[in-house]
Amino acid sequence: MAVELPPHHYLNDGFGIKSWLLTRDHKRIALLYLAAITVFFFIGGAFAVLIRLELATPAGDFVSDDTYNELFTMHGIVMVFFFLIPAIPAVLGNFLVPLQIGAKDLAFPKLNLLSWYIYIVGGLFTFYALITGGVDTGWTMYAPLSTKFSTTRIIPAALGIFITGFSSILTGLNFIVTIHRMRAPGMTWFKMPLFLWAIYATSLINILGTPVIAITVLLVAAERLLHFGFFDPSVGGDPVLFQHLFWFYSHPAVYIMVLPAMGVISELVAAFCRKPVFGYRFVAFSSLGIAVLGFLVWGHHIFVAGQSIYASLVFSLLSFLVAIPSAIKVFNWTATMYRGSVSWQTPMLYAIGFIGLFTIGGLTGLFLAAIGMDVHLTDTYFIIAHFHYIMVGGTIMGYLGGLHYWWPKISGRMYPEGLSKLSAGIIFIGFNLTFFPQFVLGYLGMPRRYHAYPPDFQVLNVLSSAGASILGVGYLLPMFYLAWSLRYGPAAGANPWGASGLEWETTSPPPTENFATTPIVTESPYNYPSPVVKHVA
Amino acid sequence: MWVFLLTEILFFGGLFLVYTIYRTWYPLAFAAASHHLDIPLGSINTAVLIGSSLTMALAVRAAQLNSRKGIIVFLVFTMILGGVFLGIKGIEYSHKFSEHLVPGPNFQFAGAFVRPAQIFFSLYFVMTGLHALHMIIGIGLMIWMLLWAYDGTLGNGYYSPVEVVGLYWHFVDIVWIFLFPLLYLIGRHAVVH
Chain A
1 MAVELPPHHY LNDGFGIKSW LLTRDHKRIA LLYLAAITVF FFIGGAFAVL
51 IRLELATPAG DFVSDDTYNE LFTMHGIVMV FFFLIPAIPA VLGNFLVPLQ
101 IGAKDLAFPK LNLLSWYIYI VGGLFTFYAL ITGGVDTGWT MYAPLSTKFS
151 TTRIIPAALG IFITGFSSIL TGLNFIVTIH RMRAPGMTWF KMPLFLWAIY
201 ATSLINILGT PVIAITVLLV AAERLLHFGF FDPSVGGDPV LFQHLFWFYS
251 HPAVYIMVLP AMGVISELVA AFCRKPVFGY RFVAFSSLGI AVLGFLVWGH
301 HIFVAGQSIY ASLVFSLLSF LVAIPSAIKV FNWTATMYRG SVSWQTPMLY
351 AIGFIGLFTI GGLTGLFLAA IGMDVHLTDT YFIIAHFHYI MVGGTIMGYL
401 GGLHYWWPKI SGRMYPEGLS KLSAGIIFIG FNLTFFPQFV LGYLGMPRRY
451 HAYPPDFQVL NVLSSAGASI LGVGYLLPMF YLAWSLRYGP AAGANPWGAS
501 GLEWETTSPP PTENFATTPI VTESPYNYPS PVVKHVA
Chain B
1 MWVFLLTEIL FFGGLFLVYT IYRTWYPLAF AAASHHLDIP LGSINTAVLI
51 GSSLTMALAV RAAQLNSRKG IIVFLVFTMI LGGVFLGIKG IEYSHKFSEH
101 LVPGPNFQFA GAFVRPAQIF FSLYFVMTGL HALHMIIGIG LMIWMLLWAY
151 DGTLGNGYYS PVEVVGLYWH FVDIVWIFLF PLLYLIGRHA VVH
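Chains as they are written, first to last, in our numbering: chain A, 1 to 537; chain B, 1 to 193.
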């Protein structure tokens, strides 16, 4: 049976460059974001390649120490602020929030387009900082290095982060209002897909946390530019206060990155196991639980920075508590898989990869929440490995899994299944080869942020660099075959996975107004094995 | 808009946190430094700003009553009062410049608290400066509302934009209601040795 693309859909509704750059359609804006973050992902990735090349040999022979400082700083800034934070919310969230609640668009379509432009302006500032000399303070920009001593381009980079922050705030605001006000008839809170709960929790963190980093980088800029004193010990200021303000946002930012990925995994596991998600309400509330607890644990970044031991004890305990909602999710996903009829398609491979890697990343997080252990591991490669397991193993696996799962909906076409399975495998192997040795290196005491190291560490470092090259291939492949499928892929049809959820009720790609008639929701979001959604004329 | 104001509260909240910590550390220095702020000008500005909240509320009311003239008159009043506030703020800033109270290499402060007083004035300029920036944005929004009122877009069928700008304006006022006592008033009764 040959499936054809629908005659009218959002992709052929206008072709000129203006029809894209001035669009208010959330689906097109999602694709604008997809293009932009892909560019930033490969810029950030290029820095990682150079870092791993340097670390292939013990001597600091490939780049100078100053250049190395700039490489890891720019890798961090680009990846965190311009890829990981916007990746899932701005691409998949933008595309799916209105589709999954049965709405025509987000609550504020113009604001949505504005968010993209703000993101681009912030990106240009950072790009300007990058080509005029870079930044060498680490992405954390600790004072007083950032305010007094560094001679690099901190102010444009800080402004870039400040501006991009507004883009996350406005996107978060848009999602919150949309989810509150624009749900289709019958779509109660507990009939929403879990992806939306995750996006909602993420948006809450965005609007509550981002302003704090905004004011913090503004204070850094004022101190650097105007010689105001906030964190400067020579006028009685406290540099550790900067760390408190910074991590008050930047720890919750970790959950901005990983919560949406968890939302994606909930969708994937249900769709490819043909079962409703086990313990729906627990998974939904665990997203909110992570969002709330995430704001109360920032002090675990400051265990060795002269924080009161009593504060550290409390932060340590609170950090352990985050394990509870995280573990609820992992157990509920595995319980969903148990006795499900699992089909091993590409998105499911990413989902399983996510569950494994996130579990390792989460459990090693508990090592770091334990104060005594943390004193030994602070500023070593153990930390690097831990947060890459969460951010790369978690967020990027979730992002790629989601991108493959919804690609037929986004593009209307299927990608080559064999090749995509192969690249999922390559990514999983490459990732573990890159980052697992770093756990060992860190435990043995190799510090982060150095461009040279003792020869004893070389074997593990070479393994890691080799893994990084495999990982790089794994990331390049999807870019090529997804682009190929845009033109040559077979048409997917409305619901190629037989999945439940409103987004699969409309055509692929959807029409500009999403649904021909407003859907009425009577069933749970995971109505497997046979989804039923009724339409009224 | 309420959600956006929540974001704004956290934005200023970060600043208030920094203020609180340093005030707790250096109470005497902060008290001594606050003596250098101009209470009469600050009080006039407080009155001006509260007055502008009144005219803003009247502009919203005029929109609900579908009075185009009312919207325009009260918006213009609000903008004038906002402008007066910014003007007085500018005079205060220029005094600080001539008294060498701007933090940096030229900072001069008589007495024992030269260093923490610099933190106080850093906070003073950033807090009041960001507040003034918010006011300028507010006045910009009002110009937009004026254009809409002029061409008849606004009326009792469609007044939420004025209402939203009003909410924003009241928020900016409330920030000042906190800034004024924190920076100008508390600690003045403390005896400074």
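Incorrect hints may appear among the rest.
[What the hints assert, rightly or not] If you anchor each label on the Cβ, the simulated ranges turn out as follows:
{"no.": "1", "chain 1": "A", "residue 1": "S19", "chain 2": "B", "residue 2": "K69", "range": "37 to 47 angstroms"}
{"no.": "2", "chain 1": "A", "residue 1": "A311", "chain 2": "B", "residue 2": "S98", "range": "55 to 65 angstroms"}
{"no.": "3", "chain 1": "A", "residue 1": "L288", "chain 2": "B", "residue 2": "T20", "range": "53 to 63 angstroms"}
{"no.": "4", "chain 1": "A", "residue 1": "A311", "chain 2": "B", "residue 2": "L185", "range": "23 to 33 angstroms"}
{"no.": "5", "chain 1": "B", "residue 1": "T20", "chain 2": "A", "residue 2": "F62", "range": "41 to 51 angstroms"}
{"no.": "6", "chain 1": "A", "residue 1": "T518", "chain 2": "B", "residue 2": "A47", "range": "50 to 60 angstroms"}
{"no.": "7", "chain 1": "B", "residue 1": "S160", "chain 2": "A", "residue 2": "P185", "range": "39 to 49 angstroms"}
[As the list claims (entries may be wrong)] Facing chain A, from chain B, some residues (calculated, C-beta under 10 angstroms):
{"no.": "8", "residue": "G13"}
{"no.": "9", "residue": "L15"}
{"no.": "10", "residue": "L28"}
{"no.": "11", "residue": "A29"}
{"no.": "12", "residue": "L41"}
{"no.": "13", "residue": "F97"}
{"no.": "14", "residue": "I119"}
{"no.": "15", "residue": "F121"}
{"no.": "16", "residue": "F125"}
{"no.": "17", "residue": "V126"}
Think of the hints as simulated: they come from the structure by calculation, not from any bench. Bear in mind the structure is a predicted one, so any value in this text is a computation, not a measurement. For glycine and all other residues, C-beta sits at the position ideal for the given N, C-alpha and C.
Status of each hint after checking the structure:
Checking the proposed 37 to 47 angstroms range against S19 (chain A) and K69 (chain B) shows it holds: the Cβ atoms sit about 41 angstroms from each other. The beta-carbon spacing between A311 (chain A) and S98 (chain B), approximately 43 angstroms, falls outside the hinted interval of 55 to 65 angstroms. The hinted window of 53 to 63 angstroms between L288 (chain A) and T20 (chain B) is violated, with their beta carbons roughly 29 angstroms apart. Checking the proposed 23 to 33 angstroms range against A311 (chain A) and L185 (chain B) shows it holds: the Cβ atoms sit about 31 angstroms from each other.
A C-beta distance of roughly 48 angstroms is found between T20 (chain B) and F62 (chain A), which places it inside the suggested range of 41 to 51 angstroms. The given range of 50 to 60 angstroms is respected by T518 (chain A) and A47 (chain B), whose C-beta atoms sit roughly 52 angstroms from each other. Against the hinted window of 39 to 49 angstroms, the Cβ-Cβ separation of S160 (chain B) and P185 (chain A) comes to about 24 angstroms, which falls outside the hint. Hint on G13 (chain B) holds. Least Cβ distance to chain A is approximately 7 angstroms, under the 10 angstroms limit.
A least Cβ separation of about 6 angstroms between L15 (chain B) and chain A falls short of the 10 angstroms threshold, and the interface hint therefore holds. Annotation: L28 (chain B) was flagged as interfacial toward chain A, and the flag is violated, the nearest CB pair being 12 angstroms apart, outside 10 angstroms. Residue-level restraint check for A29 (chain B) holds (minimum Cβ-Cβ distance to chain A is 8 angstroms; threshold 10 angstroms). For L41 (chain B), the interface hint is violated, the least distance from its beta-carbon to any beta-carbon of chain A being 22 angstroms, above 10 angstroms.
Look at F97 (chain B): its Cβ only gets to about 12 angstroms from chain A, farther than 10 angstroms, so that hint breaks. Among the interface hints, the one on I119 (chain B) holds; its C-beta lies about 5 angstroms from the nearest C-beta in chain A, closer than the 10 angstroms criterion. Against a cut-off of 10 angstroms between C-beta atoms, the interface hint on F121 (chain B) holds, since the closest Cβ of chain A lies about 8 angstroms away. Interface restraint check for F125 (chain B): the shortest CB-CB distance to chain A comes to about 7 angstroms, inside 10 angstroms, so the restraint holds.
Interface restraint check: V126 (chain B) against chain A, minimum CB-CB distance 6 angstroms, threshold 10 angstroms, status holds.
Hint check: violations occur at hints 2, 3, 7, 10, 12, 13; the rest are consistent with the structure.
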